[in-house]
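*Asks:* In the order they appear, the protein sequences are chains C and W. Residue numbering for the first sequence follows the working numbering, starting at 1 and increasing by one per position. Residue numbering for the second sequence follows the working numbering, starting at 116 and increasing by one per position.
Hints are computed from structural coordinates only; laboratory data are not their basis. Fair warning: there could be bad hints in the mix.
Label-pair ranges, simulated between beta-carbon atoms [claimed, not checked]:
(1) V15(C) with T193(W): 46 to 54 Å
(2) A226(W) with S17(C): 38 to 46 Å
(3) S57(C) with K157(W): 24 to 32 Å
(4) P8(C) with P123(W): 28 to 36 Å
Ideal Cβ placement from N, Cα and C applies to all residues, glycine included.
Chain by chain, the residues run as shown.
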Amino acid sequence: SQTIHQWPATLVQPVGSPLSLECTVEGTSNPNLYWYRQAAGRGLQLLFYSVGIGQISSEVPQNLSASRPQDRQFILSSKKLLLSDSGFYLCAWSPPSSLSNQPQHFGDGTRLSIL
Amino acid sequence: GENVEQHPSTLSVQEGDSAVIKCTYSDSASNYFPWYKQELGKGPQLIIDIRSNVGEKKDQRIAVTLNKTAKHFSLHITETQPEDSAVYFCAASGGTYKYIFGTGTRLKVLA
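The shape of chain C in the complex, shown without the other chains (with noise of 0.2 Å):
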């Protein structure tokens, strides 16, 4: 069976700090794979997705990056941190890309707080 892995769980970062989040993928090949953030009492929102190695697809520009080095492996990235970046980034994957409409599976998140 398929699962995936973020961590950390939590992270404590002084403004201005670089950041780097993980997550990898077990049990599939090819997965689309997608990170989001879930700002209090919202809903979740798309940062980044990938179909394939090296491919990536922003949807808000912003401070962040996302890079995807290996196929099962998904790093979202900054240089700097700001306040605003504080909140909770989840991860998650889907089936490969030639199929549509797959659901989507998430991990348990990073409580990312800036100080």
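Take the given structure of chain C and dock chain W to it, following the hints.
*Replies:* Showing chain W alone in chain C's frame:
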């Protein structure tokens, strides 16, 4: 732009009663509608989904109905139990990779 409205934002029911959460979408091209349950400190978990060629789908105590003409869909939970307490999200997708999520409903099941 594309939008999904979800109501109510909070819902309290007595254990054993039914709970209904409603969502309305704006993009008429939407054809896939998943529902997620999120417990505190966890990621959302898919609990049921429905595609536009189906009007209703059931899975034990959970059912989802879809009215394409009115562009709304609903989650029904029967015989609610304390472990059903969580935040529930609806979403709509129109054949792309992008889901549009509702803002969530906090369900409390009172014992």
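*Asks:* Does the Cβ-Cβ separation between A226(W) and S17(C) fall within 38 to 46 Å?
*Replies:* Holds, at about 45 Å.
*Asks:* Given the hint of 24 to 32 Å, is the C-beta distance from S57(C) to K157(W) inside that range or not?
*Replies:* 26 Å, holds
*Asks:* At the C-beta level, are P8(C) and P123(W) separated by a distance inside 28 to 36 Å?
*Replies:* Given range 28 to 36 Å: holds, Cβ gap about 34 Å.
*Asks:* Regarding V15(C) and T193(W), is the given constraint of 46 to 54 Å on their beta-carbon distance met?
*Replies:* 48 Å, holds
Checked against the numbered hints listed earlier, the structure breaks none of them; every hint is satisfied.
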